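> All chains, full assembly: derive it from the sequences and hints.
4 protein chains.
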Amino acid sequence: MNPTLARAVPAPSPALALFASVRAHSAHLAAPLGDADATVQSMPDASPAKWHLAHTTWFFEAMVLERFAPGYAPYSPSFSYLFNSYYETLGPRQPRPRRGMITRPSLDEIMAYRAHVDAAIERLLAAGASPEAEEMVELGCHHEQQHQELLLTDILHLFAQNPLHPAYREPAPAAVGHEAPEAAWIGFEGGIVEIGHDGAGFGYDCEGPRHRTLIEPFRLSDRLVTNAEWLAFVEAGGYRDPLLWLSEGWAQVNAEGWAHPLYWLERDGLWWSMTLNGLQPLDPAAPVAHVSYFEADAFAAWAGARLPTEAEWEHAATSLGALPPQTPDARLRPKPAEDAPGLKQMFGEVWQWTRSPFTPYPRFAKAEGAVGEYNGKFMCGQFVLRGSSLATPPGHARASYRNFFQPDKRWQFSGLRLAEDA
Amino acid sequence: MNPTLARAVPAPSPALALFASVRAHSAHLAAPLGDADATVQSMPDASPAKWHLAHTTWFFEAMVLERFAPGYAPYSPSFSYLFNSYYETLGPRQPRPRRGMITRPSLDEIMAYRAHVDAAIERLLAAGASPEAEEMVELGCHHEQQHQELLLTDILHLFAQNPLHPAYREPAPAAVGHEAPEAAWIGFEGGIVEIGHDGAGFGYDCEGPRHRTLIEPFRLSDRLVTNAEWLAFVEAGGYRDPLLWLSEGWAQVNAEGWAHPLYWLERDGLWWSMTLNGLQPLDPAAPVAHVSYFEADAFAAWAGARLPTEAEWEHAATSLGALPPQTPDARLRPKPAEDAPGLKQMFGEVWQWTRSPFTPYPRFAKAEGAVGEYNGKFMCGQFVLRGSSLATPPGHARASYRNFFQPDKRWQFSGLRLAEDA
Amino acid sequence: MNPTLARAVPAPSPALALFASVRAHSAHLAAPLGDADATVQSMPDASPAKWHLAHTTWFFEAMVLERFAPGYAPYSPSFSYLFNSYYETLGPRQPRPRRGMITRPSLDEIMAYRAHVDAAIERLLAAGASPEAEEMVELGCHHEQQHQELLLTDILHLFAQNPLHPAYREPAPAAVGHEAPEAAWIGFEGGIVEIGHDGAGFGYDCEGPRHRTLIEPFRLSDRLVTNAEWLAFVEAGGYRDPLLWLSEGWAQVNAEGWAHPLYWLERDGLWWSMTLNGLQPLDPAAPVAHVSYFEADAFAAWAGARLPTEAEWEHAATSLGALPPQTPDARLRPKPAEDAPGLKQMFGEVWQWTRSPFTPYPRFAKAEGAVGEYNGKFMCGQFVLRGSSLATPPGHARASYRNFFQPDKRWQFSGLRLAEDA
Amino acid sequence: MNPTLARAVPAPSPALALFASVRAHSAHLAAPLGDADATVQSMPDASPAKWHLAHTTWFFEAMVLERFAPGYAPYSPSFSYLFNSYYETLGPRQPRPRRGMITRPSLDEIMAYRAHVDAAIERLLAAGASPEAEEMVELGCHHEQQHQELLLTDILHLFAQNPLHPAYREPAPAAVGHEAPEAAWIGFEGGIVEIGHDGAGFGYDCEGPRHRTLIEPFRLSDRLVTNAEWLAFVEAGGYRDPLLWLSEGWAQVNAEGWAHPLYWLERDGLWWSMTLNGLQPLDPAAPVAHVSYFEADAFAAWAGARLPTEAEWEHAATSLGALPPQTPDARLRPKPAEDAPGLKQMFGEVWQWTRSPFTPYPRFAKAEGAVGEYNGKFMCGQFVLRGSSLATPPGHARASYRNFFQPDKRWQFSGLRLAEDA
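Protein chains in written order, with my numbering: chain A, 1 to 422; chain B, 1 to 422; chain C, 1 to 422; chain D, 1 to 422.
Keep in mind that the hints were calculated from the coordinates and are not lab data. Just so you know, these numbers come straight off a predicted model, no measurement behind them. Please note that the accuracy of each hint is not assured.
For chains that are exact copies, the list does not tell them apart, and a pair is met inside one copy or across any two.
Pairs of lysine to any residue residues, derived as SDA-like cross-links and limited to a Cα-Cα distance of at most 20 Å, are as follows [unchecked claim]: (1) 344 <-> 183; (2) 377 <-> 408; (3) 377 <-> 251; (4) 409 <-> 248; (5) 377 <-> 406.
What follows is the structure, encoded as structure tokens:
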């Protein structure tokens, strides 16, 4: 074999397959959407689908191509302004609440932009990129996976504003309904445990450093709280008793008139829920979703329990070997727990509110440059959610993952699992 | 000739030709728009193009077909909720600031809805409709013409939010620039004059009754105020001198940071204006557009003049025989006055603010039913504009026409003509 | 007689007696107030009593003493900032919504400030002031009379915020209740009439120029609308029928939850009203007070009538010789009409909303300088009220007087009288 | 000795002396205030001084007298409505942002109310109250001490709104200015330590349970950050560099135009600070005060350090024996650190922001009833401050004390001390 030729064949890029699969998944998610669906912004917290598709693409341009692909010229000079999210380091940008004003470029044009960048990244990786470039591509893929989940939750929010209750996708044939199993406590001993990402495989900066922490003996429910249990809370007047609520939560309940989870709807005595499959009868056995931290905390108080800390949750998950799903699942609604002993539903149904504010781990330091803006600057006023949801792309979840939202947010697939002191 | 047969051939409907032409014009206006362009709402005052197209169609359903076409079933039961504008009489409706949330039905589906209603109206008219039905079709046509102008001003506002400054239509070859002629005063004597619609031809309720009014001798400028004149006002510090402004206007100037008309933009010392042809160099000789009543009033004070009353304007127009254009004009920007003696630009360039609040004429009475909600309930807090603009469909304008907006609104094609006491 | 001595005795100042009496009346109005009562601002529209007392004093300093009293030094350099109301010409000032933050100077200190300025003005007038100075003193007195009425309406608003419903003054012994007489129409012929101030005696700039106006034949109610009539409107669902309301008024009704006039309160099926005498049973025969233009207009629509124009009101008042009260009246609540024929209650009970927006009379021109800011800059978005109220100081009202407020304001003593076309 | 008589002499009440001294201190704090000063509310976060004086008195009525003093009748039935703060358990109440509307009762009347309740409590305690009643009196005293500090910070905020910059008390003779000593790090080893209140003496519920926690080796600055150091941060552009700030903090900086601590004022190149002694030259050696958590966090980032956790702070204080002042100090402004080795200024100057969100300690449980609303319901969205300030009453501070505020609040005496990882 000709050694010269051998040298000319670069080592296969570890990031290439991930890149191809992640980018294809975004296109799959966009398929049911029309140009208008993909353009409108239903609230400042949400972004248009088109924006998600373009922003994740811009991320590869700004973080990879402009730094590692010699001679790469940005696809369009205005796109950096239009599709930067919040990187102060990377210049001014379209104000977040005005993302829905951008009717042009159209969805088709955004898909052309994606194709252009895909080709450039694939060329770069095929030609043998530096480890640093490979790492940034990997980060860009995980970043895009986050936006894939947001694309779904944002579309759900948008369609929920439409009195016609359109379905993002038509529902699969209904599963045969079954009861949720009785919840059971699983006990854990206290002591010094280690949590946080250990550096093997991908992890966000805020997941580390891995460190010791002290936990006290506790018990964790073996499954998620269900719609039926939440309905009992509603019917017991849970939304009308101030003593169950945090002060700020009670103010929110009254200001917004909250009386049930987001997307619940009562018609003629029956409960429905707006879903990505359109308006559907509420499944009592399925986990409750679309509740805020305020609501989760009040429910736990009403139930005589509490929410777990994130350390407790992670310790339970790792010590009992709970693993996130690795294969795609076409479901767009949470499903009931299996009737089997042991810890269930840690991943793949709904994110689980913990009582832990999102704060830096000991010795956490922000990275230099734009990447340093990724998580650290949000460490204030938010609570950590653990696990993953049905909308989390396969391969994206792990036990050390720290999702976070403000305590009044409800449009994510957010639910809860109870804990108590042992 | 067989008299029986003769009876079976209905008289040609007077409204049919109008209906066909008006409906076709809306389709022409929608042609350059994509689904996203037609769906997004850029501010609560504006509506999506799709909404204009659907609402005007619903008007024919609710006001004509449901009342005069036996057996007509509404195209979709939800459309009445989605596309009612403000008729309390006709039931609940999508809240105005949320009109932009309706991504489905898509623009294509709205065009199908239009075709369905067009066919039904044409069948009704062809079969010989009652005079009352004919009259409602005529009202519906004039109503749709109002929305045609709004469709254009709303699209301009939407596209102006886009940093890319897209063009709704590409500009026609530029006219050879010319100077505006010197403005001259035209004098009018005072006395009792008659104004208001005399009942011949179509007119809105608020244009009548025709009545006597007393005017004092006055002078009116023979042309509109130009961009060059407005620029002199800007450069003289007009936006910084509180003594020129109404108190509420001055508060607005400061709250919004107004320093020039809406859509003006300074770049490297040159002035540009966002238009339906995209971003274009400011034409100094053309009439200023997109100024509020507050600005028009302050300009007039600065110029040592005042705005005319609506009675003065109408008396000038009718006594000197000013007529609105009757044929289509593809222009999307105002053009300079001709260099010719006499009263110019009364119609077809920009609406002209008057100093008259929009109030009922003597003996005005609201109609019964939903039609009574047309104008009377807005007789508070708005000022009358007279004339018409380049965006007003041909055939829609007349000397007695009373347009009206709140004094802070700027997104219409609104300009001014000066007056003074004689 | 020694001519030298004769020259030394200046002519008696025409303004001196007015000044002394007006200033004493303010002190009388302040007497029931504590330091806290006089300091708090209950809403941006209202001002603290202390502010009224100081601002009217500052007006004499800025408009008279600083211009006409040689060597006069301002009492305190900061007072111009603190107590200027809205004169852009006269420099920056405490923002209106922050007037209630000024706990120091205290009420006692403000009274000392008043005494200082009183002495200076009296010295100036006693020494023989120029006609221009006399005229400004007269303007200052009328200005202070306006604030005397506002002081009372603002205190009522403040005390109405207090759950204890304190009384500003204890009520006089209750009059024997009596029924209001049946309302009757008084007819007026149309034609060209003259309205506006004729220059004899004091008048504000906006009351002139006196001018001709054309009115059509009309009828005016001989008395004000009563609480009993308003209660019938309430009970007939007047606040729940959108067709009675102006569009903006209906929005206000819903946004604020209006269901009755300001200060009405229902307890156990009985109606009460918060008054300057504290909480009192509603007097059915007395004129309704504290209604907005929106409410007055809706009531008139419900009653099958309309509000008069200001020209109609003034013509009726002058042609029938209605005169305002000239002597003080200790009443703090409106009283029922006498049972006597003819036009009643034109003055001295409640201001009467007209359907006329506050606009300039023909040939009105703003004065030069700070005085020019008095009225002209408010000629937008307000409606004219005519007559006067029980809180109007004696000598302040006249037939040409134009009071004006925004159509949503309710804290003045504002009521209505019906009119209709003849 | 007659045993019957002996039994009749109750044991001296432990709470009586505390009660007398705390109540007298409130009167001392109120002495410089007029009725208006004590009534106005300068922002929703602040309360009128009168309200503090009355609310703390109502607390003794509701929590002690009504429960433990047989036959006690409330002083005024309306006071429970007026002066309840946030106890949902104890009924409806005057909305917090409307506390400043209550001009009556006057300050004198509130002082009479205080005297009435003082006498009743003293009678109760003198007669021998139950341990539970004694405990509630003690809680009421500590509660009142909290309001004593707030009374001062709220008055400072109110007086800072007044362009005259009035002084609450005239300043004491100025101390001889001196430089702050160089800051030095003090090192601490990591490990499991105990923090929290141990039950000996008074402590709030949220200070316990005492519990183990794991800390890593760290260093703590031996003194507070000074005004001079903060000025360097200002001059280095600290308020203009987004990378130093939390995302929410950066939004706040821009929305409010923050460019320096609250109460700083630049005039002709010199820096001043509004204080309880009026406007005073900024003391460069004194600790910076009136900074928010956002600012403290940004400063620490700029300085290459971080804020301590509350566990680190408490461990440092207790392991090095830092003690709060026990005797009154008439100072109303922070003073520079002594030039002496060791940990300084842990108490008595300014509260110190920690990076710890205010969360429940392990096994914390809310008390039953109204007392349970004391702290637990605020465990969301706030950060812990440790130490105490010059405005903290003597005897109120301790090492386990957890003060807490939202991260944008600046009107407290809040400063910072730096930490870093060892």
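> Look at each hint and say if it fits the structure.
Evaluated hints:
Proximity of residue 344 to residue 183 under the C-alpha cut-off of 20 Å is restricted to the intra-copy arrangement: shortest distance 10 Å within a copy versus 53 Å between copies. Proximity of residue 377 and residue 408 under a CA criterion of 20 Å is satisfied in both settings, with 19 Å inside one chain copy and 15 Å between copies. In this homomeric assembly, residue 377 and residue 251 come within 20 Å of each other (Cα to Cα) only across copies, at 11 Å, whereas the closest approach inside a single copy is 26 Å. When the C-alpha separation of residue 409 and residue 248 is checked against a cutoff of 20 Å, the pair qualifies both within a copy, at 13 Å, and between copies, at 16 Å.
In this assembly of identical chains, residue 377 and residue 406 lie within 20 Å of each other by CA distance both inside one copy and across copies; the values are 14 Å within and 17 Å between.
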